[in-house]
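Participant: Line by line, the protein sequences give chains A and B.
Its first residue numbered 1, the first sequence is counted upward by one per residue in UniProt numbering.
Its first residue numbered 1, the second sequence is counted upward by one per residue in UniProt numbering.
Note that these hints are calculated values from the structure, not bench results.
Check before you lean on any hint, since a few could be wrong.
[As the list claims (entries may be wrong)] Here are the computed lysine-lysine pairs in the DSBU-like style, where the Cα-Cα straight-line distance is at most 35 angstroms:
#1 B/Lys294 / B/Lys222
#2 B/Lys51 / A/Lys521
#3 A/Lys521 / B/Lys294
#4 B/Lys149 / B/Lys51
#5 B/Lys382 / A/Lys521
#6 A/Lys81 / A/Lys324
#7 A/Lys365 / A/Lys338
#8 A/Lys324 / A/Lys352
#9 A/Lys50 / A/Lys338
[Claimed, not checked] Non-contacting residues of chain A with respect to chain B, defined by C-beta distances greater than 12 angstroms in every case (computed):
#10 Arg14
#11 Ser69
#12 Leu100
#13 Glu326
#14 Lys327
#15 Pro622
From the three backbone atoms N, C-alpha and C, an ideal C-beta is built for every residue, glycine too.
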Amino acid sequence: MAESEAEVPKAKPRPIVRLGIFLISHSCLFSVICCTAGVLTLLLLPVLAKNTYISENALMPGSANPMFSSQEVSEANRLVKSLTSLDSKPVGSGIESQRLIAEYMSDLGAEISYHKFYPRSNQFHPLHFFSYPDSGSTRENVSCISHGLNTVGIIRAPRGDGKEAIVLVTPYNSLKVGPGEALSLGIAYSVFSLLTQVTWLAKDIIWLVADSRYGEYAAVNAWLRDYHMPVFSGLSALKAEICPVSNVHNELKENSVTERKINDGFRRAGTMATALVIKVTDGSEHFEDSLSIYAEASNGQMPNLDLINIVNYLAVHRQGLRVKVEKMRSLINCKWLKILGEILQSLGHVAKSLNPQWKFGIPAKDYVEGAATLASSLYYQALGVPTGPHGAFRDYEIDAITMEISSRVALNNKARKNDFLLRGGRLIEGVIRTVNNLLEKFHQSFFLYLLTSPSKFVSVGVYMIAFALLVASLPVVAASLYADAHKVDPSFGIDKSTPQASATDELSITPRSCKWLNAAKKVFLVHLWGAVVSFLPYFICQIPSCTPTTSFVVWVLLSSFSLPILSLILGSSFSYGRPSQPQKRDWTLLKSVTISAAFIGLCLMSVINFATAEIGALLMVPMCLMAQPLKLDIRSRKLRKFLRVACNLALGFLGFPPAGFFVLKGAFEGFGGITVGDFWSWLESIWSWSSATYLYIDEMGFSVDVTERDDIRVQSG
Amino acid sequence: MVLHCYFHSLGHSRSKELKGNPITFYADIVNAMLIRATGQNLQMEYTRSLKLLDHVKLSEKPGKIIPSGDIAALVYLWNPFTIVACVGLSTSPIENLAIILSLYGACKRQAPLAAFGWVIATHLSLYPAILIIPMILLLGYGTDTPPRKLFLQRRNVEVGDNPPNDRCCEREEVVHRSEVPHVFSWRPVIHFFCWTSLWSVYVLVLCGISVKQYGGLWELFKRTYGFMLTVQDLSPNIGVLWYFFAEVFDFFRNFFLIVFHGNILFMMLPLAIRLKHRPCFLAFVYIAISSMLKSYPSVGDSALYLGLLGLFVNELADMQFSFFLFCGYVGVSLLSPVMHNLWIWRGTGNANFYFATAMAYACLQIILVVESVSAMLNHDRKLRKPLTELQDGKN
Chain A
1 MAESEAEVPK
11 AKPRPIVRLG
21 IFLISHSCLF
31 SVICCTAGVL
41 TLLLLPVLAK
51 NTYISENALM
61 PGSANPMFSS
71 QEVSEANRLV
81 KSLTSLDSKP
91 VGSGIESQRL
101 IAEYMSDLGA
111 EISYHKFYPR
121 SNQFHPLHFF
131 SYPDSGSTRE
141 NVSCISHGLN
151 TVGIIRAPRG
161 DGKEAIVLVT
171 PYNSLKVGPG
181 EALSLGIAYS
191 VFSLLTQVTW
201 LAKDIIWLVA
211 DSRYGEYAAV
221 NAWLRDYHMP
231 VFSGLSALKA
241 EICPVSNVHN
251 ELKENSVTER
261 KINDGFRRAG
271 TMATALVIKV
281 TDGSEHFEDS
291 LSIYAEASNG
301 QMPNLDLINI
311 VNYLAVHRQG
321 LRVKVEKMRS
331 LINCKWLKIL
341 GEILQSLGHV
351 AKSLNPQWKF
361 GIPAKDYVEG
371 AATLASSLYY
381 QALGVPTGPH
391 GAFRDYEIDA
401 ITMEISSRVA
411 LNNKARKNDF
421 LLRGGRLIEG
431 VIRTVNNLLE
441 KFHQSFFLYL
451 LTSPSKFVSV
461 GVYMIAFALL
471 VASLPVVAAS
481 LYADAHKVDP
491 SFGIDKSTPQ
501 ASATDELSIT
511 PRSCKWLNAA
521 KKVFLVHLWG
531 AVVSFLPYFI
541 CQIPSCTPTT
551 SFVVWVLLSS
561 FSLPILSLIL
571 GSSFSYGRPS
581 QPQKRDWTLL
591 KSVTISAAFI
601 GLCLMSVINF
611 ATAEIGALLM
621 VPMCLMAQPL
631 KLDIRSRKLR
641 KFLRVACNLA
651 LGFLGFPPAG
661 FFVLKGAFEG
671 FGGITVGDFW
681 SWLESIWSWS
691 SATYLYIDEM
701 GFSVDVTERD
711 DIRVQSG
Chain B
1 MVLHCYFHSL
11 GHSRSKELKG
21 NPITFYADIV
31 NAMLIRATGQ
41 NLQMEYTRSL
51 KLLDHVKLSE
61 KPGKIIPSGD
71 IAALVYLWNP
81 FTIVACVGLS
91 TSPIENLAII
101 LSLYGACKRQ
111 APLAAFGWVI
121 ATHLSLYPAI
131 LIIPMILLLG
141 YGTDTPPRKL
151 FLQRRNVEVG
161 DNPPNDRCCE
171 REEVVHRSEV
181 PHVFSWRPVI
191 HFFCWTSLWS
201 VYVLVLCGIS
211 VKQYGGLWEL
221 FKRTYGFMLT
231 VQDLSPNIGV
241 LWYFFAEVFD
251 FFRNFFLIVF
261 HGNILFMMLP
271 LAIRLKHRPC
281 FLAFVYIAIS
291 SMLKSYPSVG
301 DSALYLGLLG
311 LFVNELADMQ
321 FSFFLFCGYV
331 GVSLLSPVMH
341 NLWIWRGTGN
351 ANFYFATAMA
361 YACLQIILVV
371 ESVSAMLNHD
381 RKLRKPLTEL
391 QDGKN
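Go ahead and model the full structure; you've got the sequences and the hints to work with.
Facilitator: Given below as structure tokens:
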């Protein structure tokens, strides 16, 4: 920061210093320009998106002809039929279907094991983000009665050394197998049966049939946890103590014909190169068979772009499926977005007429679609909640996506169904074959990107520009405020104008540059309070039997009590009744420190989760820049000032997380039927994924907001 | 008393975290106490020299001079770096203890203690060896004072005009009394060297006995000092050398090893000449530089020099960029674990992410050193200003 450079008393400072001084003296203009540019760049992102390309040469997607044939389709049909017949029988106690699948698997000659897991209630762990996914040691919350059962089949690769694996995941509800789930099982089974015969396989194939009785994510996560954290005999004995063993294995074995092949122990197959979650939905599409890709994992992490590229390439160019990624539907019909798109389109035409080399215009429709996709991409990344069971894999550095294949019409017609199975199976075979070519982990392409369509992306280098422009104003404004604070009170600045000031006065050791310490203390206090507030729910959710509304009320009460207590402990004075002269300086310093803290926080968050930081910056930067003491503004009765006060209050209100949540929710879904409990449940859903977003929202949101309010109040009180 | 309360509350809050490892914790407490004692010593000297220089107005106001010892001790204890190093069971509190012990001993002019601290510190982490220059200056000249020239100038002024009032005579007496410590006294220095050799022989003999069956002293040197000097371990730390030596071609390695270590040595002499009247500050600068350029730096080293920085709070009150430095330290110390997490655990980042924060950290340290030195020199200039004015007025 260049705040002190302004004080260098030399007559002709160096150019960089002069530049700094120039920026600081025009900080207002600069910040306005920067913010506008940041928002504009954000809106331009769909235009700046590049086409995806496959960056890893070793992959060679689609270079081999698919071996998947109608024979495999008939296999799939067999499994689907027996599953549906099983479902129609009243006996189906859940274990039946697993046994059926296991039987089918063992007929193919795969190694089979069952994985029993206990669903864990979602627990908020404050610092989960930094730690490695936790070991299974904390098992206090397991309920012994309910447990799920995953079936795992492993094919050993004929050309592999058993150190790498590709995972297929088919989540299904073992209590009631739906038609879509049965089909997804069928596709996975047919691919699995094909893979037992092929010779080119270099990585083991794991087929995880996840029991989604307690949620798809929970099942996959439990399996992954046990895969990566070996449980030794001592611990398993402990587990047995906790829960009386309802000997599922034995039960299964007794009835099973294929007794010898089922292993009690946990089977592993080396590190996982990639994981594909396969789902089928039917009858929802209007035009053609389509494939939806879900990629967002926890904390806005994305799988390597190459994985999406492969799937996209194979689906579009080989199987003729329409590939979709999530869009924000409400934005597609947005008026202003359409207008903006048309403006950009015409701008593009103008540019093209000027110079045919410039090709940055895209059709307005594409722009709107891209913006909607980008918005949903940003939203899901910012939320930090995985969009499917693939999210569990990313926590272990495994690239995974969910492929949801949906057919055009309901699959009653037999030929139609066979065709559908054939295409789905060929797609998955192709993806597996491509990944099989991989020499090391996916590393070549991007990890940090936003999708604007399945085949277009915005890379980190581009979207960071928007963010950087947005936050660039913060340090400059902080510097100028800091410089101001020293100028306001002449006794605290170096008196360049009055060199006659008596030497002893100048010597008087006032810690001039340490004046900010007080302000820093206040900001620190508020941030500490923010941290306390964000950790409170951890304790509140320990209280049994609480409705969301009551816990929210408890939370609010506790948080509001904790602020005075904290300020008492740290001995920071929140008294505002001090004489008015130093107040102005105090206030500018306080604002400067607040802005610096916000800047540091935003930069930090942009590294952890870009989307959250971007959205946070959109809210917080104007708030930080606009905050002014209320009293000064109210005193001078001018319209401009009044407007500023109104803006401040509105921004302060919006920036307060609960208020912001309600306003947004109200805007999108109508104001009817919103309760305070909603906010609690929303937060609960976020922290159950132990998302950094949660910490961030609370910590930064509350703190900045409160500091701003403090700013405003410093003078009004 | 307040300080004691702080100590106690701190003791409770931190011993809970520590549970079974009180040694580093006690080392930190002792460190803080020693820093406090050193600070009081320095402050006494500071007030006295201000009085001598006729900045009466300044020295008599009670609120103007901040108790730097207390502040330094508190800064040391409450520094997150100290707490992290202590909780993380780093050995740096013990190394810091040795360094601070030697500084304290030298400030109190107790040659045996200073020698002991220096020998142990050098034995533990080698880099404090360069502290021998401030040690000698401290023992020879006494603790930090404004430049000697000022006193001479002051005396000239005094002698030049002899107003017949009592206050001046009184002052003249003080001036005469103060003449003594400003002559380099060889006795404590020679004592220091004797004790140093004694302690080193002692330590070496003990080491020799204990490592006899593992290959003797030479092996010890090779495995410890050699390991430090040749930067064999390239696992990431907060310094910059690991990255550099991971990248550099093997046949340039020796050359750059010499360059990097020579860097510390090059800076020693000019700094010693310029800051010879302020040996404690010189020691701080040396420690900061070595903790920036040493082969395996840790946050414990930063904790030490940041604590020592508190000792000069009176002199450095006008330091520039203090707010920027503060923000930078906060930002970097938050950012670097996140970058490490991105690189090591999440796999979405790479080594450059983490190294960027290490570079930012190194830059911050450089700015800190440069700014603190220039602030100190400015302070000296300011002290001289009234004297020159007085002289000019007379001439």
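Participant: Please flag the earlier hints that this structure goes against, numbers listed from lowest up.
Facilitator: none
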